[in-house]
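Hints in hand, dock the two standalone chains.
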Amino acid sequence: LTARAADAFKLEHVEAERIKYRYEIGLRYKTQLNEVYVDVERATEFDETSLAATVARFEERYATVFGAEAGFREAGIELVDFRVAARARSDNKPMPEVKGVTVHREAQRGTRPVHFVGSGSEGLLSTAVYDGDAFPTNLPLVGPALIELSGTTIVVPPDYAVQRDSYGNYILERGASTADAGRTST
Amino acid sequence: MSILINGRKMDGRTDGYVPGRTLNIDPSLKFFARKAPSLDPITYEVIRNTLWSINEVHGDAIVRVSGSPIAAFGFDFNPSIMTSRGDFVYFGPYLQFHAGMQDMQVKWILENRSQNPGIRDGDMFLSNDPWVGTCHQNDVMLCCPVFHGDELFCWVANTLHFVDVGGTTAGGWNPVAKSVFDEPTPIPPIKIMEGGKIRRDIEEDFKRRSRAPQSVALDLRAVIAGNTVARARILDLIGKYGAPIVHAVIDRILDDSERIFVNALADVPDGEWSERGYLEVANAGERRVYKGELHVRKSGDRLTFSNRGTDPQVGAINITFAAWRGGILSVVGPFFCSNLLYAIGGPLRHMDFEPTPGALTTASYPASVANGGAIGTEFSISLANNCLAKIAHTTPKLRRHYTANNGMTQVAVISASGNDQRGEPFMNVFLDAYASPVGGYSFRDGLATAGVYWGPKQTAPNVEHAEMVMPILYLHRREVPNSGGLGRYTGGATLGLAFTTHKTDRLVHQVAACGVSHPTALGLAGGYPGPPSILKFRRMTSAQRSSVEALKAKDSARSLDLEVSETRRLAPKEFNLIQGPGDVCEMIVAGAAGYGDPLDRDPVAVLADVADGTYDQDYAGEAFAVKFAVGADGAVRVDQSATAAHRDHVRRTRLQRAAAAERPAPQVTITETVLELSDHLMVGRDKRGDFYYCSSVAGRALAPLGESYKAACGRIDMDLTAVNPLIGDPREFIDDEMQFRLFVCPFTGALIETEIARSVDVPLLDVTIDDIGLARLVEARRMRIETAQ
Chain P
1 LTARAADAFK LEHVEAERIK YRYEIGLRYK TQLNEVYVDV ERATEFDETS LAATVARFEE
61 RYATVFGAEA GFREAGIELV DFRVAARARS DNKPMPEVKG VTVHREAQRG TRPVHFVGSG
121 SEGLLSTAVY DGDAFPTNLP LVGPALIELS GTTIVVPPDY AVQRDSYGNY ILERGASTAD
181 AGRTST
Chain W
187 MSILINGRKM DGRTDGYVPG RTLNIDPSLK FFARKAPSLD PITYEVIRNT LWSINEVHGD
247 AIVRVSGSPI AAFGFDFNPS IMTSRGDFVY FGPYLQFHAG MQDMQVKWIL ENRSQNPGIR
307 DGDMFLSNDP WVGTCHQNDV MLCCPVFHGD ELFCWVANTL HFVDVGGTTA GGWNPVAKSV
367 FDEPTPIPPI KIMEGGKIRR DIEEDFKRRS RAPQSVALDL RAVIAGNTVA RARILDLIGK
427 YGAPIVHAVI DRILDDSERI FVNALADVPD GEWSERGYLE VANAGERRVY KGELHVRKSG
487 DRLTFSNRGT DPQVGAINIT FAAWRGGILS VVGPFFCSNL LYAIGGPLRH MDFEPTPGAL
547 TTASYPASVA NGGAIGTEFS ISLANNCLAK IAHTTPKLRR HYTANNGMTQ VAVISASGND
607 QRGEPFMNVF LDAYASPVGG YSFRDGLATA GVYWGPKQTA PNVEHAEMVM PILYLHRREV
667 PNSGGLGRYT GGATLGLAFT THKTDRLVHQ VAACGVSHPT ALGLAGGYPG PPSILKFRRM
727 TSAQRSSVEA LKAKDSARSL DLEVSETRRL APKEFNLIQG PGDVCEMIVA GAAGYGDPLD
787 RDPVAVLADV ADGTYDQDYA GEAFAVKFAV GADGAVRVDQ SATAAHRDHV RRTRLQRAAA
847 AERPAPQVTI TETVLELSDH LMVGRDKRGD FYYCSSVAGR ALAPLGESYK AACGRIDMDL
907 TAVNPLIGDP REFIDDEMQF RLFVCPFTGA LIETEIARSV DVPLLDVTID DIGLARLVEA
967 RRMRIETAQ
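Chains P and W, in that order, give the protein sequences.
Letter by letter, the first sequence follows residues 1 to 186 in this note's numbering.
Letter by letter, the second sequence follows residues 187 to 975 in this note's numbering.
It should be emphasised that the hints constitute simulated quantities derived from the structure, not laboratory data.
Bear in mind the structure is a predicted one, so any value in this text is a computation, not a measurement.
Beta carbons are placed, not taken as given, at the ideal position from N, Cα and C, and that holds for glycine.
DSS-like, lysine-lysine: derived pairs with alpha carbons at most 27 Å apart: (1) W:Lys-383 with P:Lys-30; (2) W:Lys-426 with W:Lys-221; (3) P:Lys-30 with W:Lys-643; (4) W:Lys-689 with P:Lys-30; (5) W:Lys-393 with P:Lys-30.
Interface residues of chain P toward chain W, partial, derived using beta-carbon atoms under 7 Å: (6) Gln-32; (7) Asn-34; (8) Phe-66; (9) Glu-69; (10) Ala-70; (11) Phe-72; (12) Ala-75; (13) Gly-118.
In isolation and in its complexed conformation, chain W is listed as follows (with noise of 0.2 Å):
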């Protein structure tokens, strides 16, 4: 049974599939119930293990029989395992929020269709209906159930993202699209598969949207290869150990990942966490910024999300509840059960969604959504990032497991079109943004173009293959220096790259990108935030044209400068962008976020950065306020007291610069350190035993539990530009004012915390403690270091 909000059905048909606890199914569907009394560990681990395994043998069938470079060089689609019931076993190791949606349509399924058509052996179902569960309609999912018998056993699904199932744009990226009827048309779960045959008028139905129905007819096999492969493992075990076993392994995952998900929560306090960013440009031509929010409360042994205060859908820059949901898992397995190879089936079990209905990111029919893929999944992921990073830095146990926000926190999508170097037609995404960084972890600097948690299998294709598939040339790609997130502890370097046609007359992109005009990788406990993605277009002028093959067979990268006057910046929307012979197109793929306030910063790390490049020296000594010396060997050096006295005064004048508090620190005496709450705040307890939010450099008390802390920080208010040097006047894309904030120590200039903001926007609650809940468990910590001596 979908469940009712706000008195809105949502059944995935107006509002995006919520199901509820229990499921309306067709009697006549049989469930394979029984299931082995007991069980060995070492079956157990080897089932287990084997099962873990049919997703990679799943996913590497997908990659040989499609031949999309999308499904070859990006691994963009993830299989899933899920029981009878549609509840998660196991994901597999490629993009994460891909199979984050699959129990959803497994789910309308069984509710929708066991009784007409039926759900039988032999059958898949095909949806790209993002109410459902994808995430854009390019992202194609097909489910298919695993009988034992006449009795459904369990399922198997994968979602591939094919290159083109129709609509106004090649491609599918439409970035003037106002509602789904500019965009691929959403196909609700549909049979596919009949008794182990492709049903033809389906099929035929499914390529006839498509600017490329050859490539639709083989991803279709790629999909389908991938789920008879995982079927046939599964029917290999069940033949091998037996049903009830299988089926007891399967139950024992579940309960072993809700365990230990339930553990870790244990020492979490309960509380609010929230996180809030921006997306702006709607539409092509379009001047304003969009607010979303997420707010996860913990209490108990449950998490609860919403997305309540984020701004409602509008243009081509929405997502459905699915994706929002889907982004959310990408963050939980990780952070709180890495350990559990992505069973996030029982972890599901304690997690409660409470979707706004048509809101930026969980958006109503029939609204645009299919940017959705590289713009709302990804601000779905980043806001996620940042609330369950926090969560994780309160317990010992999970501090070392999460990041500051990666890359890619959008995808610049440029998607191309037109005619390949062999005359055919074309159209594919740039997936270069799969080698971008990551961000700083609570302990050590993020990596450069390392690739996202939430994609461990994703790879940048090897550049020859793109320009194999494109009729193009890459004049560089590259680790671009300063583009880390400044920190303690870094960010690490992102991935530019430049292009400009090859063998063709003209290319014809779309440019869908949010996260251009502003950072969209926030910063944790004081790090600055990642530099936002950043597009280039230089037009070869009629005269340079002429010699433009003489200029390839030089050193290109610098006869097709890029900081020439002619180069523009492109808009986070552009509609049929003509790139011609010689026109280059620059891409910087939107960076990652800084761990700790960046005067922490081991001055002799940031020697060490610009030795290698990340940083060039004059930046890198401004941004981390380090002094460097000459030696007589003509080395460079840091000075270290020259430097401590820098960082003096620098956290000095922030406080100089600083507007005055909205309110007065308490005058309380901090007695005892309770709780670590980021590297810069944690809960303390005066004599009386009242909590406080405290800065942990002062050892002083900032503000009661019930308060938010930030009003008793100095608040320094700066421009946009101030967060990275890469990062563009943010006036000639967006009409708001936009703010990077910094909350500093009252008492000490120490930097706490950063935001992104617009201007009109009050500072962020961003975290909030509940006080009876904390006095338990700073009792059952005590509790356990006593018993541990």
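If we strip away everything but chain P, and leave its shape as in the complex, we get (with noise of 0.2 Å):
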């Protein structure tokens, strides 16, 4: 196993000593249908003893997984795999930026009339609705707003300000005025 995945790096041109292995055996009590994984040292032979340690390290990762009690040792103990796996570093790619329209307005859809719930303003608010693609990097924006991005929307409560970085994350800040934020995150 070890060799198929040295020759499956080798395709991809990583070198050797780039990869690292990790070795584990799955076990279970016997007519379960679900497998433990338990760490072993890459053995040559597998004796009594290793797998004595190999079983006592499922029951151990077993009763961490599912409770002391849950183990079922009188069933018996079935070894069901092997498994490899294989890792090595890739190099870091810098991650690209995003860039949005200079000021807020041109990001602008609309507005909606929102209520929202919990935030101690009455009522319904009329609230601007922004392309969350086009949402200027950088520049924070005073709630209440609504971000609205392909897979989500993002509600910016009246009390929270907002502000998107140079890799398109939003970090919305409670009780912020514009001055500070996009310090920290929520």
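Written out as structure tokens, the structure is:
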């Protein structure tokens, strides 16, 4: 298995010394359908001692996951499979930066009346709706606002400020004015 | 304190436990009481969703630890989280009725175990006593108190169907049981975990009863693991946010769910809704039909449930109060508060239950109740479905949130046991019924083999899984043509399967089913019922038996044809049915009901049904009164004008066939539509301001509010075989005469409501709207409309 993993990395032109291997064995109590995996050393030979140690590690791991009284040694223990995980870190690529329009108004799509439950404000507030893909970067905005993205909509309540950073993350801060918006994330 | 009904103490001993408003708890048990005074909305959402996810993690642990196919493939369990005093916070997303009884177990434990043996950190209580709170003895409940310091903070609990917990038949299903003494012995709550350790003496006792002690031991560990994992997650939450905050969240979940439920009810008129259904053959060899009723009274902000009018407990078809109530709660959640993630604790503050001791659906000790998990519980759900659907229909808010009866209104249990392909003893039930269909909605068709709403996570196991754990081969598993209940919006097609034995000399089955001779998925708003469960059996002749292996290798579905004369229908109850090599057993899961008059179905939708094989062309043409034409290109089309003319003819024919109305419709002019009750039934008002039930097709009055609208309808009594072409002759199994009744508008022939009934039973008064409350409601609705404008 180790050799096959190494070959796969070789095809990707990854140097052998950068590869880290993790060896695991899946065990379960007889008639169960799911395994619990435990780490093992890369054993050349699996003898009584290492088997006993592996079983002990399995029972310890199992008790951590499901509770001390959930084990059932009496049923017998099945050793189901071995697996090898081979990993090599790739070079860090720089994150692409995003760019929005220069002022919030240009990203605005319209307004909607919104009732902010629990914000302390009464009744419906006329709330600006923004295109989240065009939203300016590094320019704080005080709520209320709605920011629409293709997969979700960000609600910025009246007592929050929002800022979009250079990588497209939206950072909301509670009880902030424009001056110090974006310093901490929530 | 348990309550008294008819002078009987509802304390979980002779009669099912009905907790009172206050609990009698030993003062030595301390409760955590500190609550954060305020809660910010984000923290609330984070903790609330985490609590809900804990039930999923809980379920996952059960699946991973249990080796039983019932847990691992059928998900026949459900966890829940409850407050320290046993009120629901969240059900899990698995079989809803399981959770619907756990609050009763916890309350009973608080009342009966807090002094002796005491409730302490690290304890868990096991119970499978239907009079305390499970639907049958195979459903084993494990309740775990969660302590913060030395104070009780909340409870986590689960219920899992164990493969075998003893009794006279393998797997627990017993078609010949006369009392609970012929069944697995119920265990009232017993402390099986003490201080974090399994009590070996109790475990040995529990395992000793079972034919499958290893499986019981593993299932026991599965439910312990589930509670252990859930408790650890709750303690994590407390560690992160502090107990007062988590406590405040729990309280608010209940308050929010209560408010949403009360708001929903505020737009429902006061009145009473009823449904009636039937179960047949109390024991193998018996031939009677028994009646169950459910009455739901809505008054102000409360719902009261009663099963008065239900026949007395009999044979092996009973359930206890817990299962009856659990079935009802399985419907309330999805229909009234589907956006609440099954937080039923708030709504329960506004629900009262009035069980009739000794009735079929609220049986007294020592009735036989072991088949309750597949008969009575589903029966309770099916009756609650129609009562609550009709209530939901009265408010536009809820009108899209209900369906006509799903499939699996009865689970046709064929429990199998014997020696498996490895020579080991086994017992199991077929869980394929979980792929049963959804009934018609008020605005769209139901869904074929999509699964029931009261078991959102239930799936039919893969055929390969079933073949792995049982010595069988499937011959087919498929959607059954012509099986969707007829209606303007049809019920989805149901599931059928056939199997033969494989690598074993014989299987022993217990057939413990109801809803075989007549439909139990009762229709809604003029929709037709779904077909009943259909069970067929064909014994291989000895000449054929010699070539069985050859047959299997070929196209076995055709070779083992079930249409041949040697095939017989299985009776609703069969004791120790032997299936030998080559014998074929076929099961069609009880189907789903339709919504609305089939004559209102869009003819183009009928054409699509024919094209995708849902209905055969001839049957569809007759059932929906559609005329097809073949175009020059050979394609089948709908002949719209011929269809319209034919439908008019069918409506006129209905009026000709109908018996004269019991009472003439009042001669008044309806000037205003006040309230929609169902597709063709409404409440209208005349110019004097009096309310009447009206045919909404004709816009004319049928009866004043105090009387039955059905008395003014044309009534057509038909044979049950008119419901669906799959139904066989009911007389093969039952002596009571049953009818399929249509109630049609006396002015237009439009179908208003359908009924399945014993011929001796008078038409059911299915809706009674209160006059005074209605005037107030109409005024409130008008005010809202004016405010909005």
